[in-house]
Amino acid sequence: MAAQMTTTKVPEVRDLTRIERIGAHSHIRGLGLDDALEPRQVSQGMVGQLAARRAAGLILEMIKDGQIAGRAVLIAGQPGTGKTAIAMGIAQSLGQDTPFTALAGSEIFSLEMSKTEALSQAFRKAIGVRIKEETEIIEGEVVEIQIDRPATGTGAKVGKLTLKTTEMETIYDLGNKMIESLTKEKVQAGDVITIDKATGKICKLGRSFTRARDYDAMGAQTQFVQCPEGELQKRKEVVHTVSLHEIDVINSRTQGFLALFSGDTGEIKSEIREQINAKVSEWREEGKAEIIPGVLFIDEVHMLDIECFSFLNRALESDLSPVLIMATNRGITRIRGTNYQSPHGIPIDLLDRLLIIATSPYTEKETRQILKIRCEEEDVELSEEAHTVLTRIGQETSLRYAIQLISTAGLVCRKRRGTEVQVEDIKRVYSLFLDESRSSQYMKECQDSFLFNEAQPSQMDMS
Amino acid sequence: MAVQSWSDLLKAAKKTALISDGKRKVHYLFTDGTEMAEEYDMKTDELLSRRLRSKSRLGGQGAWQVDVGETGLSLTETEEIKENSSNPVFMRKDTKTSFQWRVRNIPYPIDTYKITVEPLDRCCIIRTTNKKYYKKFSISDLDRCQLPLESSALSFSHANNTLIISYKKPKEILALEQELMRELKKLKGTNEGDVDRKTQ
Chain A
1 MAAQMTTTKV PEVRDLTRIE RIGAHSHIRG LGLDDALEPR QVSQGMVGQL AARRAAGLIL
61 EMIKDGQIAG RAVLIAGQPG TGKTAIAMGI AQSLGQDTPF TALAGSEIFS LEMSKTEALS
121 QAFRKAIGVR IKEETEIIEG EVVEIQIDRP ATGTGAKVGK LTLKTTEMET IYDLGNKMIE
181 SLTKEKVQAG DVITIDKATG KICKLGRSFT RARDYDAMGA QTQFVQCPEG ELQKRKEVVH
241 TVSLHEIDVI NSRTQGFLAL FSGDTGEIKS EIREQINAKV SEWREEGKAE IIPGVLFIDE
301 VHMLDIECFS FLNRALESDL SPVLIMATNR GITRIRGTNY QSPHGIPIDL LDRLLIIATS
361 PYTEKETRQI LKIRCEEEDV ELSEEAHTVL TRIGQETSLR YAIQLISTAG LVCRKRRGTE
421 VQVEDIKRVY SLFLDESRSS QYMKECQDSF LFNEAQPSQM DMS
Chain B
1 MAVQSWSDLL KAAKKTALIS DGKRKVHYLF TDGTEMAEEY DMKTDELLSR RLRSKSRLGG
61 QGAWQVDVGE TGLSLTETEE IKENSSNPVF MRKDTKTSFQ WRVRNIPYPI DTYKITVEPL
121 DRCCIIRTTN KKYYKKFSIS DLDRCQLPLE SSALSFSHAN NTLIISYKKP KEILALEQEL
181 MRELKKLKGT NEGDVDRKTQ
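Those protein sequence lines, which keep their order, are chains A and B. In terms of full-length UniProt numbering, the first sequence has 380 at position 380, counting the first letter as 1, and numbering is strictly consecutive. In terms of full-length UniProt numbering, the second sequence has 38 at position 38, counting the first letter as 1, and numbering is strictly consecutive.
Only chain A is shown next, with the shape it has when bound in the complex:
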């Protein structure tokens, strides 16, 4: 029995690790605030930056309220002080239903689309519309699932699913993906399920009352439901959220929906946008739809140029505008596209409309804490001394560099069959990989021996 349990558990674990990769901010699950919006020192993957987090919490409340349109927030601070982390924290605490669109300042420069078009699309992606739509579903009690794997072990699986209601019974042929999702949901005979016809999404409603005597197959939270009545295929009203941009795309092309999947959306005419805006406000007045203003996050906002900034000035005044969060790590610098200097590389008139949140460098204790969280996230065990050394590195070089060393040191440690990363492992990777300042140092010393070093200007002239 126990052996059986382990064999069935293994593929599950493998599935999970394949789906979720570890990103730079995957340890962040929220802003780490309590109910009174007071920041906790260490919570939900966030460490320190108390004032900034509290400020972000207030902004979050404003977004959740959904009343105020077109506010803009700037998160400013040195590199590696958690600006993107705070934005991610806001995104995580907003939940599934509020649109959160993130882009980097340089993403809007494209040959196929003008800068302002890219920005308008981003703005409209960040506004959600909750609307009722009719979809077709299949709802029934599972009589039998039969999945045949080919004898050779490779190739497509063949599956059959028999569903019934109180009135009828139908056998369905299943495709590969459907078989996978049925096994993932652990659907078995006696379950009452619904299958969304458009998306193929499976939802388990509970177990049928007629199977109430199968005690062995029951968990504590098993719900018993009646076997559905009538036809297996039904039309049902469901509420879902689409962004204004998605509605634009559907209406701007004849083939409609397909354009969403092909990815190439091109430019959208302003008349269509106006039509959609009119239609959406009509729906809102009739109570058919609800507008959910979301968040547009622009990272590295100093990469935008003066045209974009003046566009933003105007776009923020529209009542269909989301809350705009920007982040930058620049000080007083040139505004792109001009010769003027300005704080954060943003024109003063736009800066005047912003709420500015500042982040400050992490203290030693905070750095230590963040490294600990990252070690847990990356599944690396660190000895006490190694942790101290790494914190030191983080303080003297940069936090990012120290975080990079965690996984590499973890690998070195695993190669020597150790279980815990020791100071030696850290030393090893520290000598193997240069940090930014050591690399610059090296450049200064050995510049002469690099390629294309001598006589560069004259060579340029020739071409």
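Do not take every clue at face value.
[As the list claims (entries may be wrong)] Below are the SDA-like pairs computed for lysine to any residue, each with C-alpha atoms no more than 25 Å apart in a straight line: (1) B:K171 / B:T71; (2) A:K201 / B:T71; (3) B:K136 / A:G200; (4) A:K236 / B:R144.
I should point out that these hints are in silico values taken from the structure, not numbers from a laboratory. Predicted, not measured: the structure shown is a model, and the values here were computed from it.
Got chain A; can you put chain B on it based on the hints?
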């Protein structure tokens, strides 16, 4: 009066006709953006298929809904789930004088079936005593003209694994169809291919 409004809608619709492989194919574009496509047999003038499609709520194009004629087995576009070929297949296939539905591939004896007309729900229901098959269907032609449903018009038979259900067309429908047919024959249909298919 209701019959009148539907025939007015038909008259107002933009109609395109095309004749290919022995079928007269007609495309209607109604003023609200709904499309209807019909196919008639050239020799007998019988309706072979009718499909409708209307704009979805968000403005995209919906899928074709088959009103009359064959339907595919696949339920989703990706073919991830489809009905097994051993299941009964339901389709509508009209004759000149009656609406007719066929359930193919259904082997149970004739006393298994119980077919009722529900005038309140405006639909007919096929039930089986062995709980293997159940189908609720509406008669879209009568719905469009807002004519009442009557149980006396319904009859059914079973032969060769097929259940055939007939509903006698009321005289309003017969008159409307004759008038429509005359209109359609007046439409100049191009003979082959879509090359110079008239759109006006």
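Taken at face value, is the distance from the CA of T71 (chain B) to the CA of K171 (chain B) at most 25 Å? 28 Å, violated
What's the verdict on K136 (chain B) and G200 (chain A), does the C-alpha distance respect the 25 Å limit or exceed it? 23 Å, holds
Decide if the proposed pair is consistent with the structure: K201 (chain A) and T71 (chain B), CA atoms, cutoff 25 Å inclusive. Roughly 23 Å separates the two Cα atoms, so the pair holds.
Given hint R144 (chain B) paired with K236 (chain A) - CA-CA distance at most 25 Å: Status holds; Cα separation ~22 Å.
Hint compliance for this structure: hint 1 is the single one not met.
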